[in-house]
Amino acid sequence: MNDIKTAIEVCGVHHGFGAKGSNLHVKALLETSLSVAKGELLSLIGPSGCGKSTLLNIMGGLVSPTGGEVRVDGKTINGPMPQSIAFVFQENALFPWSTILENIDVGMIFQGVSKSERLERAHQSLKAVGLTDFANHYPGQLSGGMRQRAALARALSLETDIILMDEPFGALDEQTRMILGEDLSILLARTGKTIIFVTHSLGEAVFLSDRVAVFSARPGTIKHVIEVQEPHPRTQAFVTSDKFARLRNELYGLLHDEIRKTLSADFRLPSAAADGGRANVAAHS
Amino acid sequence: MAQAQSPTSFGGTIAQLSFVGVLVGLWYAASHVWHVPAILLPEPTGVFMRVVSLLRNASFLSPLSITMHEVGVAFAFSTIAGIFVSFVVTRSQWLIDVFEPLFTSINAIPAILFFPLFALLFGLDVGSKIALGITISFFPIVLNTIAGFQNVDPVHMKCARSMGASNWHMFRYVLFPSAVPILLSGLRMGLTLAFLSVLGGETIASFSGLGHEIAESSQAMDSELMYAWIIIVICVSMSLNFILTVLDDRSGPAT
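Sequence order for the protein chains is A and B.
In terms of my numbering, the first sequence opens at residue 59 and continues consecutively.
In terms of my numbering, the second sequence opens at residue -9 and continues consecutively.
Same shape as in the complex, but just chain A (with noise of 0.2 Å):
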């Protein structure tokens, strides 16, 4: 289990909201369990409310697990762990009322980083995104694709062997979370972190990732892992390939089912109109 080549360990994880037993009690995850290797780039992707960002923040140790347990390094988490793991939420979580300079010299001084060293690796992680003419602008300045960029160069600066994204390009448009995912791609395969991505987009997820983990509908777990054997980093070519086609495909396959389940759920629709619809949906694809 201890092997020196697992980054995170997921063993047997659960969990609920609200008090068990009371009616109030929602399952949000059933029993998961994950082996994510070093520098491995995994995606949880799955229908809204599956569990994939509460997963994501139990393994940040931002939520404390209603069973089982994550094992970074070998060593059982229980809280957040700023040395060795750093987050991208999505897109509002840089400080506005400071620049972006301010915003990622922030995160070192909660981490403990001596006062000399920060400046040193701002500049850095700010060169690394292409935000360097930036350094002195209030988030409000910039637009959603710059800020996440500032909010990557925040996590690189805390220099983790694990980034964990929570769909770091949800509120962007498709043409924006495009390009950003190519310079991640170069990005990532240049430090070699561990890096474990929520994503909606199926593209995206064949895209960056080595492999794609499917949820099941809520309350999930993980139901299957499609490897995407491809060398990093990625390029326009990959996109446009038949494997990047096919494995989009299977991906689109696999939650098809799961998302018409979480839908049928919400609306709680008679099971003669779920299967009209399904067959619709069938009709159209």
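FYI, nobody ran anything at the bench for these hints, they're computed from the structure.
Where a beta carbon is used, it is the ideal one built from N, C-alpha and C, also for glycine.
Treat each hint with caution, since some may be false.
What the hints assert, rightly or not - Chain A is nowhere near these chain B residues, computed Cβ spacing over 10 Å in every case:
| hint | residue |
| --- | --- |
| 1 | V78 |
| 2 | Q140 |
| 3 | P167 |
| 4 | A210 |
To be verified - Have a look at the derived ranges for each label pair, beta carbon to beta carbon:
| hint | chain 1 | residue 1 | chain 2 | residue 2 | range |
| --- | --- | --- | --- | --- | --- |
| 5 | B | W84 | A | D315 | 39 to 47 Å |
| 6 | A | H195 | B | T235 | 20 to 28 Å |
| 7 | B | N157 | A | H195 | 24 to 32 Å |
| 8 | B | V145 | A | H195 | 19 to 27 Å |
| 9 | B | T235 | A | S91 | 45 to 53 Å |
| 10 | B | L237 | A | S122 | 39 to 47 Å |
| 11 | B | L237 | A | H195 | 51 to 59 Å |
| 12 | A | T234 | B | N157 | 33 to 41 Å |
| 13 | A | E175 | B | L51 | 47 to 55 Å |
| 14 | B | I99 | A | H195 | 43 to 51 Å |
| 15 | B | V145 | A | G170 | 21 to 29 Å |
| 16 | B | L237 | A | S91 | 49 to 57 Å |
| 17 | A | K185 | B | N157 | 27 to 35 Å |
Put chain B on the given structure of chain A with help from the hints.
Just chain B now, kept in the frame of chain A:
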């Protein structure tokens, strides 16, 4: 915030100055054309000369420093205690649910009612004015600061926690900056109210201070002097307001 106080245009400044000019003109007309008795409305040039003489022989300094001392102590206490209390209260939703309605109701009580009590407890000197100033300015500051601390985005807290922020870091780098915009408007209200209540207290019963001078010159039927003191008080309150506006503008970019 930064946009709140947009620089007034040249035309706007002219209009504002004209408005003041018209008021002074009406005042002049009231004395010289309509012959309003000088005891009610003394003639403006006479009042102006009294202001100049108060300023020239520096006799305004002693009452001003006493009033400013009372306002300063009351405001500083309300601010520090207010921020502390709000921080503690916002640590739990239960505390917020208990105390916020309580503070709101207390804030609705016209606290000037307590002045006779404060006069008994703390005497007619500065003590009773400070107590009144605190009673009146504390609750608006607390209520705004509670709202400010609730203004924090949970994602920012989660993000800070993931980077290993200690409790102090969380306060210094996340909670406090998130609270600043709303907190400042509370402080602004608090300072205005502290000044108002101290002056009110001084006017009712006191030995010294700007309010005391106004009340005393009124009782001595020296309307010219009373108006001169009123003008000085107006200048002081405008200066306080100006300082707060500058602070507000410097507190960072609009979010």
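Checklist entry - So which hints don't hold here, by number, going up? => result 3, 9 and 11
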